[in-house]
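Take the sequences, apply the hints, and build the full model.
Taken in sequence, the protein lines are chains A and B.
The working numbering numbers the first residue of the first sequence as 1 and each following residue consecutively.
The working numbering numbers the first residue of the second sequence as 1001 and each following residue consecutively.
Source of the hints: derived by calculation from the structure; they are not laboratory data.
The reader is advised that the hints may include incorrect statements.
Only pairs whose alpha carbons sit at most 27 Å apart, straight line, appear in this in silico DSS-like list of lysine-lysine [stated by the list, open to error]:
id: 1; chain 1: B; residue 1: 1073; chain 2: A; residue 2: 203
id: 2; chain 1: B; residue 1: 1073; chain 2: A; residue 2: 315
id: 3; chain 1: B; residue 1: 1168; chain 2: A; residue 2: 73
id: 4; chain 1: A; residue 1: 168; chain 2: B; residue 2: 1073
id: 5; chain 1: A; residue 1: 323; chain 2: B; residue 2: 1203
For clarity, every value in this text was computed on a predicted model and none was experimentally measured.
One letter stands for each residue in the lines below.
Number of protein chains: 2
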Amino acid sequence: MVKRYNSEKIKQLVFKIYQAYGFSNEDSEKVAATLLYTDLHGIESHGVQRLAMYDHFIQNGKIRVQSKPEIIKETDVSAVVDAHFGLGQLNGIYSMEVAIQKAKEHGVGIVTTKNSGHYGIAGFYANLAATAGLIGMSSTNSRPAMVPTHAMKAFIGTNPIGFAMPAKPHPFIFDAATSTVPQGKIEVYRKLEKDLPAFWVAKNGTEPVTSHTDKKDLDLLRDPDANVALTPLGGVAEETGSHKGFGLGIIVEIFTSILSLGNISTEISPENLEVGPCQSFVAIDPAIFGDKEQIIERFSAYLQDIRHLPAVPGKTIYVHGDKEALAYENAKKYGIEIDDRTLEEITAIAKRLHVSTSEYLN
Amino acid sequence: MVKRYNSEKIKQLVFKIYQAYGFSNEDSEKVAATLLYTDLHGIESHGVQRLAMYDHFIQNGKIRVQSKPEIIKETDVSAVVDAHFGLGQLNGIYSMEVAIQKAKEHGVGIVTTKNSGHYGIAGFYANLAATAGLIGMSSTNSRPAMVPTHAMKAFIGTNPIGFAMPAKPHPFIFDAATSTVPQGKIEVYRKLEKDLPAFWVAKNGTEPVTSHTDKKDLDLLRDPDANVALTPLGGVAEETGSHKGFGLGIIVEIFTSILSLGNISTEISPENLEVGPCQSFVAIDPAIFGDKEQIIERFSAYLQDIRHLPAVPGKTIYVHGDKEALAYENAKKYGIEIDDRTLEEITAIAKRLHVSTSEYLN
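In structure tokens:
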């Protein structure tokens, strides 16, 4: 079952838990803010629901609490960060702050970060730049999940692209896996015991797997050597644009693992403590091209024109960021949704760390 | 009918034609090289087949022979170019050369160009950077062709993304409309009297138009006010990722018309001589991140691993740029393919301009 909880209280609880792991107050605050941002914007799959996974990795040493991200190569407009297997969210915030600083000083900042960890949603980091009045981009690679066009097995990660640009009344925020759907979407449908509504999963590169009861095949999605994989955006046929999602996945790999000389998708594994995903962070100041206010006004009007197009009956035209803004208003008013299983996991973690939950979970 | 012609001779003929229009020798050489690059790489829809369209625009003044692109705003890492309605290919080469120069000096160059013209294929400009040892990107906006998710009519252009990165044995070159297919693909199927094999065209935002005999609907594709449009990459449903192609189209619009404060898609029209598309050009030096040779070696090995994955029976796994490299070898050996109608058009243009064709077309 899913219930609603006060987001400020949950944020305080996450803060306390991360403090108890040994993170500094400042870092614990950042982690809590990042996870709650995600829940408040309706992307529950990547918010506090992930606490259990991070807890597992903190315990087995895949996430190293004492690590600090370090710039190992730098120019006015770029940096390579070695994250030394610290917590993904902290590496992400640090790296995007470096990109933002460079963009403010020199117009552009491009940062590529290796030996990182699972960092949540790409759009969060892109939006950090938008909040600072800049264009932001962020991507991460991940272990093999997507099948290249005409191949039989996974090779490329779900390699999402996050992109944000200031706009009124709220920023444009694009956040999309380069596979048709991310892994988490499959898990959600399986939990709900719903069949997959489209060609999201391919067996042997061409056969759709759509039944949620197809446990054997869907379990294989987590096995990089198996013949079951997520389809690229555009499906598995060139006619529907399969090579486009496939190619965008490669482009993400370039900006993450190739330029940082970090681990490429096939090297990433949850079991191996000595490897980690790579991420990229880009900030660009629109002011290097023209009057920033004029650019943002024009962009906002452009998006508004899209919203006002004649819509398919019964449908609403949403521009990227609109749904998240609506979810935010709702969650601020009524609380964030947490399912019982996630709540149990959080309670168990808190108990082990001697963090009292009573004042946060009522 | 389609016949093969010697590419060097056709290039000479294009050079002569552009010289006759009044372009300088240097510019005529660039136009000829760009169009022939396209034909030699198997993208016939955007090569010499376009001479007739450019001829029409040169005659009616939409393309201004005497115009020179001009930098109107500049920083170390960026420029805004006003192309003053010169020929798209010349604006494109100029703008990418500015981006390349900035990337060589400062690591990154981002150029946005307004009041331009139809510039051919985005991948050509991206590849100019790759040939210079850099990462290259280019995009263009265009008149409304793609329907936003849940809208009933076109609003966004086919807004392609060109991306290139040096690799061995040849560069990685990605070039893709953010719609499922570009407009030209529909024209090719209609010419061949073949039905459209997938959901490329939508009527009222949701109904597939697939019969090539559906002349009325397909003709409406060229009418921005009609209820027939190309689908975004990912189709028209969120389940298949429609919002992703739609969002990528918006991102292209940002880097082209929004940042340059040029004409957005809905303002572009072939009839209006005072408007033109906008383009973007990005060059990034991989050396700002690490040893360039090492990065390229690693990337080449990564691509090679993809090519060697187990393939779907009867299929070959192509990495982006492979098909073009094969087409190039073939065209260099056997000549480029030109259909009779295009040949007639070129002959008529040459005759009007008093350019002899006899030595080039045998």
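Going through the hints against the structure:
1. Simply put, residue 1073/B and residue 203/A have alpha-carbon atoms about 52 Å apart, too far for the 27 Å limit, and the pair is violated.
2. For the hint linking residue 1073/B to residue 315/A, the alpha-carbon distance of about 42 Å lies beyond 27 Å, and the restraint is violated.
3. Restraint check for residue 1168/B and residue 73/A: the C-alpha separation of about 25 Å stays at or below 27 Å, so the hint holds.
4. Between residue 168/A and residue 1073/B the CA atoms are separated by roughly 25 Å; this keeps the pair inside 27 Å, and the hint holds.
5. The hinted pair formed by residue 323/A and residue 1203/B meets the criterion: a straight-line CA distance of about 25 Å does not exceed 27 Å.
Checked against the numbered hints listed earlier, the structure breaks hints 1, 2; every other hint is satisfied.
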